[in-house]
Amino acid sequence: MKNRDYIQRRVPADLSRIDVREQWQITFWTLELRTTQERLTRAVREAGPEAERVRAWLEKNPPPLAPRD
1 MKNRDYIQRR VPADLSRIDV REQWQITFWT LELRTTQERL TRAVREAGPE
51 AERVRAWLEK NPPPLAPRD
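The sequence shown begins at 1 in full-length UniProt numbering and counts up by one.
Keep in mind that the hints were calculated from the coordinates and are not lab data. Do not rely on the hints blindly, as some may be mistaken.
What follows is a set of in silico ranges between Cβ atoms, one per label pair, in the way DEER data are often shown [said to hold, decoys possible]: (1) 10 <-> 34: 15 to 23 Å; (2) 41 <-> 13: 19 to 27 Å; (3) 65 <-> 33: 12 to 20 Å.
Using N, Cα and C, we set each Cβ at its ideal position, and we do this for glycine too.
All chains, full assembly: derive it from the sequences and hints.
This is how it looks when you write it as structure tokens:
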């Protein structure tokens with residue numbers, strides 16, 4: 001096993017709210033919600049910090065499709 005295998009993933013104490021003031025929480029939530037930091041922070045700004053409202057915002061506002069060549 002490599003050293004990174006021993007690192008435990010930090011989990012916020014309150015999973016009902018998203019705090020984007022700390023990088024480790026941004027990392028947790030971007031992985032949890034399968035989104036980017038930019039989309040996460042925008043969702044929190046527009047929908048508020050409640051996790052369910054952020055999830056709903058992300059579903060209603062899918063990322064733009066990449067242009068095809």
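Here's how the hints hold up against the structure:
1. 10 <-> 34: 15 to 23 Å: Between residue 10 and residue 34, where Cβ atoms are some 18 Å apart, the hint holds.
2. 41 <-> 13: 19 to 27 Å: 20 Å, holds
3. 65 <-> 33: 12 to 20 Å: 19 Å, holds
Comparing the model with each numbered hint stated earlier shows that all of them hold.
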